[in-house]
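A.B. asks: Residue-level listing of the chains:
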Amino acid sequence: MKYKTLYRVIALSVCALSTTQSFARIKLITLPVREHVEIQLENKNTTIIEEERIVPLKKGNNDIDFSWHNTSIRPETIVFRVIDGSSDVHDNTPNNAKQNAKQSDIIKTNVISVSYPPNESALTWNVYADKNGTARVRITYAINKLDRKYHYIARTNSDETNMQLMQYIKVNNQSGESYLNAQMSTGMDHTIALPMGLDESQEFLNQSYDQIPIEKTYTVNASELGYRNRSQDKLNVYMHYHIVNDKQHNLGKQSFAPGKFRIYQQDKKGSSVFIGEDWGQYTAKEDEAKLFIGEARDIVVKRIIKRQKRQRINGNLYNWNVLLSYEIENFKDKPVNLIIEEDLRALRGEVFASRNNLIEWEIGKETSFSGQPLKKYTTGERVAYQISLPARQEEAKQMTLEKKLHINFKNEW
Amino acid sequence: MLTNSLKKLIPQCALIVILASLTCVVMAKNIDLSTLPARESVQLTIYNSQDLTLVRETRQISIKKGQNRLQFSWVNTKIDPTSVQIEFLSHPTAMNVSNTTFPHDKPQMLYWHINSSIDALATVEISYFTSGISWKADYSGIMDQTEKTLSMDSFITVTNHSGEDYDHAQVRLVIGKINLVEQVNDLLGQAKDKSRRIRERKKAMRPKVARMLMTKSAGTYAIENDAVVMADVIMAEKEVTKESLSEYYIFSIEGTESIPNQWSKRLRSGFAKDIPIDTIYRYRPREYGDILARVLLFKNDKESSLGEAPLPKGRIQLYQKTKQGSLSYIADLELKYTSIGDKVELNTGKNPEIFFELQNLKNWRDNIWMRYRNGNYYRRIGDAHIKIDHNSTVAGWNEHSLFVQRIRNFTDQPIAVEIRRILSGDAVLRSQLDIKKHDFQSVDIQTNLAVGEQQELLYETLVKQGRNAKQSQIVLENRKISYPVW
Numbered sequence: 001m002k003y004k005t006l007y008r009v010i011a012l013s014v015c016a017l018s019t020t021q022s023f024a025r026i027k028l029i030t031l032p033v034r035e036h037v038e039i040q041l042e043n044k045n046t047t048i049i050e051e052e053r054i055v056p057l058k059k060g061n062n063d064i065d066f067s068w069h070n071t072s073i074r075p076e077t078i079v080f081r082v083i084d085g086s087s088d089v090h091d092n093t094p095n096n097a098k099q100n101a102k103q104s105d106i107i108k109t110n111v112i113s114v115s116y117p118p119n120e121s122a123l124t125w126n127v128y129a130d131k132n133g134t135a136r137v138r139i140t141y142a143i144n145k146l147d148r149k150y151h152y153i154a155r156t157n158s159d160e161t162n163m164q165l166m167q168y169i170k171v172n173n174q175s176g177e178s179y180l181n182a183q184m185s186t187g188m189d190h191t192i193a194l195p196m197g198l199d200e201s202q203e204f205l206n207q208s209y210d211q212i213p214i215e216k217t218y219t220v221n222a223s224e225l226g227y228r229n230r231s232q233d234k235l236n237v238y239m240h241y242h243i244v245n246d247k248q249h250n251l252g253k254q255s256f257a258p259g260k261f262r263i264y265q266q267d268k269k270g271s272s273v274f275i276g277e278d279w280g281q282y283t284a285k286e287d288e289a290k291l292f293i294g295e296a297r298d299i300v301v302k303r304i305i306k307r308q309k310r311q312r313i314n315g316n317l318y319n320w321n322v323l324l325s326y327e328i329e330n331f332k333d334k335p336v337n338l339i340i341e342e343d344l345r346a347l348r349g350e351v352f353a354s355r356n357n358l359i360e361w362e363i364g365k366e367t368s369f370s371g372q373p374l375k376k377y378t379t380g381e382r383v384a385y386q387i388s389l390p391a392r393q394e395e396a397k398q399m400t401l402e403k404k405l406h407i408n409f410k411n412e413w
Numbered sequence: 414m415l416t417n418s419l420k421k422l423i424p425q426c427a428l429i430v431i432l433a434s435l436t437c438v439v440m441a442k443n444i445d446l447s448t449l450p451a452r453e454s455v456q457l458t459i460y461n462s463q464d465l466t467l468v469r470e471t472r473q474i475s476i477k478k479g480q481n482r483l484q485f486s487w488v489n490t491k492i493d494p495t496s497v498q499i500e501f502l503s504h505p506t507a508m509n510v511s512n513t514t515f516p517h518d519k520p521q522m523l524y525w526h527i528n529s530s531i532d533a534l535a536t537v538e539i540s541y542f543t544s545g546i547s548w549k550a551d552y553s554g555i556m557d558q559t560e561k562t563l564s565m566d567s568f569i570t571v572t573n574h575s576g577e578d579y580d581h582a583q584v585r586l587v588i589g590k591i592n593l594v595e596q597v598n599d600l601l602g603q604a605k606d607k608s609r610r611i612r613e614r615k616k617a618m619r620p621k622v623a624r625m626l627m628t629k630s631a632g633t634y635a636i637e638n639d640a641v642v643m644a645d646v647i648m649a650e651k652e653v654t655k656e657s658l659s660e661y662y663i664f665s666i667e668g669t670e671s672i673p674n675q676w677s678k679r680l681r682s683g684f685a686k687d688i689p690i691d692t693i694y695r696y697r698p699r700e701y702g703d704i705l706a707r708v709l710l711f712k713n714d715k716e717s718s719l720g721e722a723p724l725p726k727g728r729i730q731l732y733q734k735t736k737q738g739s740l741s742y743i744a745d746l747e748l749k750y751t752s753i754g755d756k757v758e759l760n761t762g763k764n765p766e767i768f769f770e771l772q773n774l775k776n777w778r779d780n781i782w783m784r785y786r787n788g789n790y791y792r793r794i795g796d797a798h799i800k801i802d803h804n805s806t807v808a809g810w811n812e813h814s815l816f817v818q819r820i821r822n823f824t825d826q827p828i829a830v831e832i833r834r835i836l837s838g839d840a841v842l843r844s845q846l847d848i849k850k851h852d853f854q855s856v857d858i859q860t861n862l863a864v865g866e867q868q869e870l871l872y873e874t875l876v877k878q879g880r881n882a883k884q885s886q887i888v889l890e891n892r893k894i895s896y897p898v899w
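Residue numbers (the numbering used here), protein chains in the order written: chain A, 1 to 413; chain B, 414 to 899.
Each hint should be verified, as a subset may be incorrect.
Claimed, not checked - Calculated lysine-lysine pairs in the BS3-like style (CA-CA distance at most 30 Å, straight line):
id, chain 1, residue 1, chain 2, residue 2
1, A, K253, B, K763
2, A, K375, B, K877
3, A, K131, B, K734
4, B, K655, B, K763
5, A, K253, B, K561
6, A, K44, B, K734
7, B, K763, A, K285
8, A, K309, B, K877
9, B, K734, A, K285
10, A, K59, B, K686
11, B, K763, A, K376
12, B, K749, A, K410
13, B, K850, B, K800
14, A, K309, B, K715
15, B, K877, A, K108
16, A, K108, B, K734
17, B, K893, A, K376
18, A, K44, B, K749
19, B, K736, A, K285
20, A, K253, B, K734
21, A, K365, B, K850
22, B, K883, A, K410
23, A, K253, B, K736
24, A, K268, A, K376
25, A, K145, B, K763
26, B, K561, A, K247
It is worth saying that the hints were derived from the structure and are not from the lab.
Required output: the full structure, derived from the provided sequences and hints.
C.D. replies: This is the structure:
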């Protein structure tokens with residue numbers, strides 16, 4: 001077992017003294033090198049290593065030792081496959097390996113058993129071969145502490161209508177094993193040759209997309225986003241970018257893994273300025289990502305509950321009539337879209353204490369928003385309206401827009 | 414004593430000794446001569462529901478006409494002392510055990526006193542229960558790219574912590590749950606208690622023993638490992654035959670296996686190729702949690718090249734073949750015990766490529782009944798000639814909720830979705846969806862989505878509350894539900 005102390009790395013050994021017991025003390029060992037290694041990063045929780053080796057086999061039973069001292073292999077995931085025939089052979093394998101594969105076509109092999117010695121990170125496959133020769137084997141296993149993080153750099157143009165997006169992957173190897181000739185597979189048939197040394201981290205650009213049209217919105221929501229100045233009734237105004245992961249928006253080739261988005265904007269001089277960052281959620285193809293960039297100070301929204309009135313229907317049964325007013329000013333020199341959201345459970349709590357879990361509400365006649373509530377954001381417990389604010393005008397003409405939201409809470413007791 | 418020296422040399426072997434002082438009736442003298450008949454064969458029957466293995470071993474021993482004495486000992490092993498039995502396979506009528514003695518000073522030893530009517534080389538079978546040997550099943554599944562078929566390897570891993578090496582043993586595994594009134598380990602504990610008592614007594618006698626040892630000449634005995642080294646056998650994969658027995662199934666591994674103490678051995682117990690699998694996406698919060706779980710279904714039957722025996726419980730490592738022939742990892746899951754003909758369900762968890770969201774769009778109440786304190790009677794709001802009474806209270810009402818179930822299939826395969834919704838109380842469910850009742854308080858909504866399809870499934874629930882509720886039930890009503898206008 002001397003090799004096990006010599007090699008901290010994974011050692012795959014074939015005992016030339018085939019057909020003897022796997023617990024013999026004297027062994028002659030050949031060490032087949034890795035012909036091909038693939039590190040798969042597709043599964044978000046598990047990193048898979050697939051390595052291919054050419055193993056000499058003798059007619060009869062052969063013991064193949066596999067050990068993984070001081071590495072983070074998950075032994076229950078180890079799969080041993082003898083690649084038979086050329087159909088299963090990896091396209092990236094070198095030519096001489098392919099020739100070997102053809103030779104091995106004629107060897108019939110069978111894994112008879114796997115033995116696990118006590119207190120060792122090792123196993124022995126007992127493989128039967130019907131003739132002498134070599135076999136191409138693939139060993140697949142999951143490994144811990146070889147993980148990756150995704151992050152994104154986005155650059156928007158000066159008027160924030162489109163952006164360039166780059167996805168970076170940082171792979172960190174604390175697994176206890178080095179993979180110096182590894183092909184890193186990141187999904188969507190995308191592989192990159194990258195040596196992974198021990199305790200090393202590698203960062204690389206995985207995908208890059210250009211000319212992505214984006215939408216910019218401003219949102220207020222008293223209960224979720226809060227007030228900028230409570231005593232002055234001024235709400236926080238949050239600015240978001242909306243990125244749609246589809247072909248129309250020059251994306252849609254892959255889903256985006258969760259990660260940090262850092263956003264830069266080109267200034268008029270051509271250099272770029274960091275404008276904010278947010279955690280991006282998993283965004284499937286065709287789905288939409290909403291990134292919170294920062295707070296807008298040049299849009300002021302004052303929210304006031306103007307009126308609340310109780311109307312008895314009978315006994316302890318009432319309707320509640322609530323009127324909200326929003327005073328809106330846009331100090332930006334361009335028109336913007338503002339989304340006003342109202343959480344009705346929170347509003348009901350502000351006005352009265354209800355005994356009911358269910359919220360029954362309707363929009364009252366005094367509402368001054370034009371059109372219907374936004375279907376995308378309106379639910380049984382939330383109402384949302386979108387309004388377009390004109391650009392800032394000269395000081396004397398600066399307009400304060402006032403919008404009213406009239407809500408009837410019905411059948412409460 | 415000679416037997417003591419042997420035990421020091423082979424501490425972990427169950428040992429059978431024929432004492433040459435054959436006619437001796439009672440206890441051993443200090444000077445004994447013994448021979449060590451080797452195991453001819455050994456068979457292990459391992460039960461995985463209990464920490465129990467039945468060991469049957471055969472040995473050949475020379476038996477003399479008249480009385481014979483056999484010593485059997487099992488130092489440092491986990492054998493149940495109450496279970497040790499001997500049978501005379503070759504001469505069942507000519508030989509019998511007259512009595513069995515458990516010596517007072519040796520806890521893991523017994524003597525059989527055998528009466529024989531002939532001189533013969535007899536084949537005996539010694540059987541006993543031991544703990545410390547276990548087996549478990551595990552599986553490795555590889556799905557094809559289209560998720561339509563699965564190849565599955567089944568394995569069994571035998572682990573030996575019994576304290577004894579079993580060389581060239583026939584291995585049989587029992588699937589099923591047997592009843593034991595006492596655990597082997599507990600019985601072992603009783604033997605250990607006895608051992609402790611003897612140790613304490615010996616400690617007290619130590620000066621006397623020391624004097625005795627000083628008078629004895631020193632010597633060592635070289636004992637060869639008595640395991641038979643079998644001729645090299647070139648073999649194909651071992652076949653595992655499966656047969657049923659009472660409520661249990663027995664898997665017998667072809668040929669013999671050597672499983673040294675502390676080792677584990679994993680053997681392939683089956684292989685099935687091209688198992689047709691169904692993939693269904695299920696929302697069942699009580700079973701799978703609050704996710705739309707991807708569930709793989711296949712049957713343990715002949716069509717799946719399975720169905721020969723039940724599939725014992727075990728972990729399954731699930732992979733999927735990629736275009737390049739590599740394996741991509743899907744999940745590490747538990748495969749539950751599956752009878753012949755039954756369905757295997759594997760929950761592979763959430764698929765991020767499927768958007769699944771339930772949204773409550775609108776709520777309202779109606780059919781509100783007031784209870785009038787004066788007279789203790791009820792009136793419904795909205796009915797004609799209703800009297801206003803400030804002391805009346807709400808006593809019954811109906812709650813309506815409108816829901817939209819949004820599903821988008823961003824995967825590259827069409828999908829089937831099954832959504833279980835629980836509605837407690839006296840409820841009505843209105844929709845034009847494909848809905849089936851599962852039980853009195855839950856329904857299954859079924860739908861199929863093509864690649865890239867988005868669906869908004871609308872339904873309304875009505876739950877009767879207070880005095881309006883009569884009984885716990887769900888009534889399904891076919892009614893067109895449209896998106897609300899607020």
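A.B. asks: K253 of chain A and K734 of chain B: Cα distance at most 30 Å?
C.D. replies: Holds, at roughly 21 Å.
A.B. asks: Can the restraint linking K763 of chain B and K376 of chain A be considered satisfied, given a maximum Cα separation of 30 Å?
C.D. replies: holds (24 Å)
A.B. asks: Going straight from one Cα to the other, do K268 of chain A and K376 of chain A come out at no more than 30 Å?
C.D. replies: violated (35 Å)
A.B. asks: Compare the distance between the alpha carbons of K59 of chain A and K686 of chain B with 30 Å, and conclude whether the hinted pair is satisfied.
C.D. replies: Within the cut-off at roughly 27 Å; holds.
A.B. asks: Is it true that the CA of K253 of chain A sits at most 30 Å from the CA of K736 of chain B?
C.D. replies: holds (17 Å)
A.B. asks: With the threshold set at 30 Å, check whether the alpha-carbon distance from K309 of chain A to K877 of chain B stays at or below it.
C.D. replies: Judged against 30 Å, a Cα distance of about 29 Å means the pair holds.
A.B. asks: Could you grab the alpha-carbon distance between K44 of chain A and K749 of chain B and see if it respects the 30 Å cut-off?
C.D. replies: holds (25 Å)
A.B. asks: Hint check: K561 of chain B vs K247 of chain A, CA-CA at most 30 Å. Holds or violated?
C.D. replies: holds (28 Å)
A.B. asks: Given the hint that K145 of chain A pairs with K763 of chain B, does the C-alpha gap stay at or below 30 Å?
C.D. replies: With a Cα-Cα distance of about 23 Å, the restraint between K145 of chain A and K763 of chain B holds, given a limit of 30 Å.
A.B. asks: Check whether the Cα positions of K44 of chain A and K734 of chain B lie no farther apart than 30 Å.
C.D. replies: It holds: about 17 Å lies between the C-alpha atoms, which stays within 30 Å.
A.B. asks: Take the C-alpha atoms of K763 of chain B and K285 of chain A, compute the straight-line distance between them, and say whether it is at most 30 Å.
C.D. replies: With a Cα-Cα distance of about 16 Å, the restraint between K763 of chain B and K285 of chain A holds, given a limit of 30 Å.
A.B. asks: Would the hint linking K309 of chain A and K715 of chain B be met if the CA-CA limit is 30 Å?
C.D. replies: violated (72 Å)
The structure fails hints 4, 12, 13, 14, 15, 21 and 24 (numbered hints given earlier, in ascending order).
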